[in-house]
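Each chain is listed here by its residues.
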Amino acid sequence: MSELSNEQLLDIDYYLRLTRTLEERLVALFRQAKVIGGLYRSLGQEGESVAAAYALDYKQGDVVQPLIRNIGAILVAGAKPADIIKQYMAKGDGPTRGRELNIHFGHPARDGFIGQISMLGDMIPVMAGIALAGRMQKRKLVTLAFIGDGGSSTGAFWEGMNFASVQKLPMVVIVENNGYAYSTPTSKQTAARTLADKSYAFGCAGVTIDGNDVLGVYDTTKRAIENARSGGGVTLIEVMTFRMKGHAEHDNQAYVPKELIAEWAEKDAVVRFENLLVERGVATREQLDAIQQRVKKEVDDATDEADRSPMPDPAHAGKGLFIEDGYWG
Amino acid sequence: MPETTYIDAITQAMSEEMARDERVFLIGEDVGAYGGAFKTSYGLLDKFGAERVIDTPISEIAIIGAASGAALMGMRPIAEMQFLDFITCGYDILVNFAAMNSYLFGRACPIVVRGPAGGGTHGGPYHSINPEAMFLNRPGLKIVAPGTAYDAKGLLKAAIRDDNPVLYIEHKYLYRRIKENLPDDDYIVPIGKANVRRRGKDLTIITWGAMLYVADDAADELAKDNVSTEIIDLRSIVPFDEDAILESVAKTNRVIILHEAPLTGGAGAEFAARIAEKAFDYLDAPIKRIAALDVPTPYSPPLEAAALPDKTRVLQAARELLAY
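Sequences listed follow chains C and P, in order.
Position one of the first sequence corresponds to residue 1 (the numbering used here), numbered consecutively onward.
Position one of the second sequence corresponds to residue 1 (the numbering used here), numbered consecutively onward.
Since the hints were derived computationally from the structure, they do not count as laboratory data.
Where hints are given, some of them may not hold.
What the hints assert, rightly or not - No more than 25 Å apart at the CA atoms, straight line, and that leaves these computed lysine-lysine pairs for DSS-like:
1) K201(P) / K319(C)
2) K201(P) / K224(P)
3) K47(P) / K168(C)
4) K138(C) / K47(P)
Said to hold, decoys possible - Non-contacting residues of chain C with respect to chain P, defined by C-beta distances greater than 10 Å in every case (computed):
5) T194
6) V207
7) E324
Being a predicted model, the structure only gives us computed values, none of them experimental.
Cβ atoms here follow ideal geometry from the backbone N, Cα and C, with glycine treated the same way.
Excised from the complex, chain P in its bound form (with noise of 0.2 Å):
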């Protein structure tokens, strides 16, 4: 069985869901005949026809609307944002409506949103968005961020098959530059529970999505000092397993949240208050915080560059954790 890529592993998420419950449709801009800006959805509309692969206007608010619409009447709609920074264009009724319909209604909305997020590909500002944080503070919606091939169709199912409104975030970097063995089994990662992706002792990144890898590249630079990683996909921001954070840190007591997205009210800050309450006894250096400048994504390498996160600020902020 050849490997996977990440890309495949949501198209064949999709397909999967589509095939197992007929309910399962997808709507967003040039699904269909063209099969989506990255190819996401490519061969689901000679699958399963225009009706369940549905190209719309350029409209967000209708899609994500139409999508809730249709989920209160017992559909399961996938509704693709063409890049997840035009999610904007559509939060109101996302956040107003959607994610609402359980709490003041008792109303099942099993809608799942998802599209291509993140920075590193020189999108520039309007296509590089990681929108988690402006969904955090807004009950009701669930977050996901895979940072695998085997998570992104295992959470994407999950989701599909979830009854509440949950964002699913793909990082469009990792697309197509990794793959691995999937299961041939039908198989879902549960939402709310993190990975244990590399097991540590002296220090723990929590972090997920694409910078899975710049924590894997600091930890292998950090072992050739012989000091012990221990690294914690999160995978789902809501609700997130904070029981892993916990126990993690317990362990390590030296701790580094990593994350894409502007550091100032980002969802590593959520992360780190939780561990000040909760752990704040078996910290033995201050929690550290690793994301991208308060800027918008800047279009030029170096620019884009130098606003993400990398490798040398993780492993400078290790080093000060281990010194402390």
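Same shape as in the complex, but just chain C (with noise of 0.2 Å):
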């Protein structure tokens, strides 16, 4: 069962029931008009998210580039609990002290990953530049980006994608096929057979794969990463999973058929891992049921702290807008 230990596995179930937890309380904050914005779920693509990011090497200064539903990838790659929190709740002692939303933040040399900006695709050459930037400093970094369904559609994506594959950049792409683009389905999306296609427009490497299959991703993820590392370049993931909320928290996804809901429902890749866990005989449940109170203690904990947090100055408004201002320390 891949190359994993019992430790990394279950560090993995961590990140998964982490990710879960922190949604389902972010779900009672916003109920509560404590969030101040949009809410976006990741349920049902937390398996990808986790073990996608899970499969790089935060030591060797690699960057994973979350878009919105990636909650669980920072979390692996060490964004902490209370700061997304805060970002939700607008605080002023938040990573972007109450100036961008939810998880737009991260740098990408100090923190290992670095958020999405909302116009979509512009990521991609974003991370084409940090893997460039790794590469002429003689270092192995590697650039992890995701990208949905709707995003591989911008003009953003394939300048990004074709630049990064000309000058075979270590960088590896997560697209995610959720399904839905906001209401737009996958086909009215592209006229492509799969998402993974649009890899020989680029001359990349490019494949589809199980997106709640948590090992699989893990794995197929590892050899691209490894892969560019050692100067292989590009690899295109396409994630078959699916978005089983709406967009945000408003958005009851009318639009989108109960019986494919209920299809995805089944296929949840948290309850799949874990069962496989058990089967396997890695886990027990009482671990499993250890790591869940560990992990809602750990949001209790959060919640708390970005609780007791203070709102922004408003007198700060106008301030830090380039960098000599010293407004950031």
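Fit the two chains together into the complex; they arrive one by one in their own frames, and the hints show the way.
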């Protein structure tokens, strides 16, 4: 079962549970009107998000770039739950000090992750540039970018993939095919047979895999990362998964057939992964429950910390436009 | 020491900065073997190799985006737009990604985006843009527009050393038309400081880029009538030297803002507003703006000449102000 040790497998389970529990907490905070902006769930997609990010080597300087639903990926990279809650609550001592939303934060050189911006596709050239810098600095770092079925329609995606492939940059791109971009089904997003087929246009490697198979996603991503690290260039990995909630909490996803949701509920990645752990004797149900207890305590503590945090000082609204202002220290 | 042209000043600045700091590199279309569409990067590939002089696909988003990503990692990229008109193809990633790094995230993103701008060369509507105004209302990007070889070199060095994204607007009409003796030493021209190009007491012309020379010609003409014109070469559009503008207006009490971009919503509107707000009491006449017609820059020489500002229009405005 993969090259992962039992300890690592339980570590992955911890991140899966942490992702789901943290998001459930965010839903509660949203309903209490403590989340200021929208709330974007990754329910159903936690598996690929955690597994792919787990395949990076952050000590080497690897960098992951999440989309809005890849909360699991940045938790793996080391983001603190309290910071994520503060971001959602628009607090003044969160990573962006109330200037940006949700998981749009992080510094590639300092944190090992960098949040997306809302213009989908833009991060692909940025991640190519991070990989380019790594190569120029004679480092062996690899970048891992997430993009969606919708985002892979953008010009920025195409330019970034093309450039990265020409340069054979050490970059892996996970294209999450989760069925819908807001309300638009993938069939209205592209006439390509698969999203992985787009790799033919770039001349990079491309593959389509089951996104709800945690170990499969880990193995495929790991191989792509090591290939990139050794100079093999870009791989595009299409992961087939499903967005079990609407675009955001306000969206009841009435446009999604009920049967489809029911069908994918049966394929839940976390349940599948945990069943596997128990079947193969990696963990007992009691051990998994203990992980859940640990996660709940961490999320409780993070919530308390975020709740106690101050809102930003309005006097700071004009500060920090340029680095020399010294606002960020 | 031979005189240095405006374009050579740009090449020298890049070459010297690349030699001084290994984090500096150039990325753009045809910048390597060909040396750039205007030969701005001629010789850099031989000196610094293909790893630091990177030819790209025709992809302005990728050029600016990759430069930005590299900058976050501590590099100091120079991203060339083959013509600055094409910056609109990368506008989104420049204003939404590069320019917001400091304010939103406290991240330094030291990129320079540079390329040839401006009309007067019969480049037509897609090779003549003066793009400053479309960035002026998008905070986070510094903008400089040198009009002399000295400033071209000094401002580019300052831009490369700046910790923020800088849009460096070079005027292609000036590339080989102007030259001067440059100092041998390593100098910079600070971003945000105007230059009083000509001192005068009767009238101020605030301008930048190739319009400096239109202002010079007009001032020479006015001097024949014993009118003493002060010319403020703004050099930096963001941040701009408000003190230099206000000081000059306080002295001359009459002001023309001259720019090559179209009038409506042009950068001159902002400067005029600032003067009206802060120096109204000093004004003896209305603020005048001379700019291009509100049309795309047309191709045919008689049309282009009619669309762009010229000495005749500046003189007419000056005489109206003096007679007010």
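* To do: Check each numbered hint against the structure and report the violated ones by number, ascending.
  => Violated hints: 1, 7; rest satisfied.
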